[in-house]
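Listed below are the residues making up each chain.
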Amino acid sequence: MAAKEFRRRIRQALDNASLRGALGRFADSYVVSREEVYAGRDFEALRKRIAAIKSDAAGHYEELAAQFTQAVEARGGRVFRAPDAATAREYIYQVAKEHGVTDIVKSKSFASEEIHLNEYLQERGLNPHETDLAEWILQLMPGERPSHMVMPAIHLPKEEVARVFSRYLGEPVEPDIKNMVRIARRELRKKFLTAGMGISGANIAVAETGTIVICTNEGNARLTTTVPPVHVAIVGYEKLVPRLKDIVPILEALPRSGTAQPITSYVTMITGPVPAWQGDGEGIKELHVVLLDNGRTRMAADPVFKEALQCIRCASCTNVCPVFQLVSGQVYGYIYSGGIGSILTAFFNSLEDAADPQSLCIGCRRCAEVCPAQINIPDLVLKLRERVVEKQGLSSGYRIALHGVVAKPKLMHTLLRAAARLQGPVTHGRPLIRHLPLSFSDLTAGRSLPAIARVPLRDRVKCLEQPVAQPRLKAAFYSGCVIDFAYPEIGESVFKVLNQHGVQVVFPQNQACCGAPATYAGDRDTAIRLARQNIAALEEARADVVVTACPTCAVALKQDFPALLAGDREWEGRARALAAKVKDFTELVNELETGGPQEQSQRERPGQAPGMVPGIAEAASQQEQPGSPGPGGQPVKVTYHDSCHFKRHLGLDQVARQVLQRQPGIELVEMQESDRCCGFGGSYSIKYPEISRPILERKLKNIKESGAAVVAVDCPGCVLQIRGGLDQAGSPVQVKHTAEILAAGEDKGATSGCKEPASP
Amino acid sequence: MSQKELTATFTRQAEIMGAQVVQVARVGAIAPKLVEALRPLGSKIALVDSPLVQTAGVERALAEAGFRIEKDGAAFARQADSGIVQFDYGIAETGTLAMDATDLKTRLAAMLPLTCVALLPEERLRVNLTQVIEAYLEQGGWPGYFTLVTGPSRTADIERSLTIGVHGPERLLIVLVGEEGDGNGR
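Protein chains in written order, with the working numbering: chain A, 735 to 1494; chain B, 3 to 188.
If you are wondering where the hints come from, they were derived from the structure by calculation, not from laboratory data.
The structure displayed is predicted, hence computed values, not measured ones.
Some hints here could point you the wrong way.
[Said to hold, decoys possible] Listed next, the in silico SDA-like pairs over lysine to any residue satisfying Cα-Cα at most 20 Å (straight line):
#1 A:912 - B:162
#2 B:73 - A:1012
#3 B:73 - A:1315
#4 B:73 - A:1013
#5 A:1438 - A:1180
#6 A:1315 - A:1325
#7 A:912 - B:43
#8 A:979 - B:129
#9 A:924 - B:81
#10 A:1117 - A:1037
#11 A:979 - B:139
#12 A:782 - B:132
#13 A:1142 - A:1129
#14 B:46 - A:927
#15 A:912 - B:172
[As the list claims (entries may be wrong)] Negatives, chain A to chain B, calculated, CB over 10 Å:
#16 819
#17 837
#18 876
#19 1103
#20 1150
#21 1188
#22 1238
#23 1251
Cβ coordinates follow ideal geometry from the N, Cα and C atoms, glycine included.
Using the sequences provided together with the hints, build the complete structure.
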């Protein structure tokens, strides 16, 4: 469980209406303006270039640092390579002391905040003045935390800023933004003209020329590096690139991804010392570049986390993060926020410091989609989680749940069956649990939970009759826990639809939880144990294809198992063989209907594919009755929710829409933000119900506004979350797995012969 | 891109980014244009000598029109209303100006006053940043202080409300100088 202080900060952020309003408005407009500013550009090609440049640089920091140093020194500048924060601070302090500096102007620098430079200099009697407007405002508000990496004061209403300025000036200031900006210009101009030293960061450092590149809109970095006679630039090793031409793609992406601008007002490139006013005449400025390590070379040597050094600090990952939008940078607690921030914090601070921040990632993968440096942030967060668990162990709740229950499938299934019998007092005979008593009540606030099925799918399949005379395929169905124990009817629909398409389906009884709850909790041991059990169980079925109807399970089977068992001589090959056989249900249906993946793009109508089993083609073309019968033969309006793993891991978002569109009686209508997370995230909704709930509320609003009667989903987890939310909202909108919608249009296929047991 | 297309694209992009662009057909037309444009913006001018400034006789024309011109000193450009500098290149793609600003006065005149006047020969327009970087590298030696300027100084730090003129100029006036008649001063 997250630390108390961390929980308190989350609560505080969620309760701060102006913070949530400002971040929410920004994030909404950001998505649109980012699209516009990248229009006509090949973003994928651009980010590949950046990733290649930065990844290559991360493999050669030593050489690049040496080359950079040589180039700067050749021009008469000095380079100090600081192994850690303490030596960097001390060096900068000594430079200031040597020159008798009392006042310092600073342009925005993450690195300086990372090393807590201001506090250090202040304790020694120096006055560092932040000159970026937002940074200055925050500096005038001791104790206030930055809410965003690029726009740190985005959460402050103008009235608050006016109060801060009034206090600073000792006179009343009206909350007029233009006027307050003029005040900042006037006050900070005095600092620029009198400071003895300027401190800047850098966005890029070019090794071949010894150039540092700084982007600003306000123009404060130009003044910081021009007016005072001494310039200190603090540059993390990760800013190094080999060649001058490498800056072009970074400058193309940084402002576009950061603030949706084609370019910042100013891009300043400084190469060695330049002329400056030296008190009595023009002289040459003194230039010091502090190359900061502070965990970076350790990170570069780490085969997993080296990737995070590709980051160009645009913060686009946080701009699209549904969690960040609610809690802001203020809760993360360290200078770098969001998912990428937790990874950087683990190396620049410590793994312990990253433990709480990393736990905020819901795993929706939106950040990975927009990262201009092509960093797989969500996967890195999971790797980080594993390391946190390795070092700190699982929290007791997780330990009991994962080691004691999930890792022991027989016990887990026995407990679930027992729970199905004992849940009467909370279900009141309904399929949904609306309220849980006592300390569990948060789990059903804003979302009902499904009752545990009286008869799980694993038992129901024993009585399923499958009318498939000459099967064209044999499929093993891997249901996953949610379908098995909460929504067996989804599983039955899978059987029915696949039977209809001429596929014989078996249910390997030894299958167990896919291990995703363990993987996402950082419990690698349990995940490995479950991977082995499932591989063995699914091999026994000797099926042509392994079908899942849960994208999280599909990702576990296809990607996690081979990764977890990599290097295991007995199991790696078996994991790969299994992974190659795994197909999502909807993906398989699409291939069966269109004659295979290679042909599906050309063929819209089913039943015409050469090489298709004739019976299937006829069956497919005979589906004239509506998928979900609407009154008076009117098509039913269906809207599609993109499950995070289904779209961003499996890439099947368009396939699902094609399958649904082929279904007669359905009118597909798009909702706003269809690919925005529903807030489930597996155990996330249990760990952070206060964050999960507002994410769900937004999804429900979008669903309602779509005017659809049915929400189609390809993930049982999303079914659980959205169905539960709509139930508590008293909405008539139905949530159905694609399998259920297709099954409603089938007239043949598996039928259940099982009887519900009598109520206890 | 033809010269005409370069000019059109550059002008459109620079204006989108908040700059004002005026075109003059020849060098001789610069000074009268400046007198007209700067008159309402204050009389103190920080002027940096450059080929265009000299060929166009900017200093004399402004002085005759009653402007107070400063060209150096410890407080250079600190109190000026406008600064006049010549840029090296324009980048059509983003409406950006580029220059080697290693010279201190060039920097101060472009940074400190509320108005920055940027003179640029039209034939110095290029398509993108890569072309400009290549042009400097071909000349040999990378500048000590290289600067790209796109539009005026801006901030959105308070309530994301776009506000012009924080630490740099609130007005960027680009004078694009054509080649008609009397040469372009380069």
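Hint check results:
Note on residue 912 of chain A and residue 162 of chain B: the hinted pairing holds, with a Cα-Cα distance of about 12 Å set against a maximum of 20 Å. For the given pair, residue 73 of chain B sits about 18 Å from residue 1012 of chain A by alpha-carbon distance, which is consistent with the 20 Å threshold. The suggested pairing of residue 73 of chain B with residue 1315 of chain A is violated, with an alpha-carbon distance near 77 Å, which exceeds 20 Å. Distance restraint check for residue 73 of chain B and residue 1013 of chain A: the Cα-Cα separation of roughly 18 Å lies within the 20 Å cut-off, and the hinted pair is therefore satisfied.
A C-alpha spacing of about 16 Å is found between residue 1438 of chain A and residue 1180 of chain A, which places the hinted pair at or below 20 Å, so the restraint holds. Straight-line distance between C-alpha atoms of residue 1315 of chain A and residue 1325 of chain A comes to about 14 Å, which keeps the hinted pair within the 20 Å bound. For the hint linking residue 912 of chain A to residue 43 of chain B, the alpha-carbon distance of about 19 Å falls within 20 Å, and the restraint holds. Proposed proximity of residue 979 of chain A and residue 129 of chain B is supported: the alpha carbons are some 16 Å apart, at most 20 Å.
For the given pair, residue 924 of chain A sits about 12 Å from residue 81 of chain B by alpha-carbon distance, which is consistent with the 20 Å threshold. Straight-line distance between C-alpha atoms of residue 1117 of chain A and residue 1037 of chain A comes to about 11 Å, which keeps the hinted pair within the 20 Å bound. Among the hinted pairs, residue 979 of chain A with residue 139 of chain B is consistent with the structure: their alpha-carbon atoms are about 11 Å apart, no more than 20 Å. A C-alpha spacing of about 18 Å is found between residue 782 of chain A and residue 132 of chain B, which places the hinted pair at or below 20 Å, so the restraint holds.
Simply put, residue 1142 of chain A and residue 1129 of chain A have alpha-carbon atoms about 18 Å apart, close enough for the 20 Å limit, and the pair holds. For the suggested pair residue 46 of chain B and residue 927 of chain A, the alpha carbons sit about 19 Å apart, so the restraint of at most 20 Å is met. Note on residue 912 of chain A and residue 172 of chain B: the hinted pairing holds, with a Cα-Cα distance of about 12 Å set against a maximum of 20 Å. The claim that residue 819 of chain A is not at the interface with chain B holds, since no C-beta of that chain comes within 10 Å of its own (minimum 27 Å).
Residue-level check passed: residue 837 of chain A sits 16 Å from the nearest beta carbon of chain B, beyond 10 Å. At the 10 Å boundary, the C-beta of residue 876 of chain A stays outside the reach of chain B, the nearest C-beta of that chain being 19 Å off. Every CB of chain B lies more than 10 Å from the CB of residue 1103 of chain A, the least distance being 23 Å, so the non-interface label holds. Interface exclusion of residue 1150 of chain A from chain B stands, the closest Cβ pair being 49 Å apart, more than 10 Å.
Under the 10 Å C-beta cut-off, the non-interface status given to residue 1188 of chain A relative to chain B holds; the minimum distance is some 53 Å. Annotated as non-interface, residue 1238 of chain A keeps its C-beta farther than 10 Å from every C-beta of chain B; the closest such distance is 59 Å. Distance check on residue 1251 of chain A: its Cβ is at least 39 Å (rounded) from any Cβ of chain B, clearing the 10 Å threshold; non-interface status holds.
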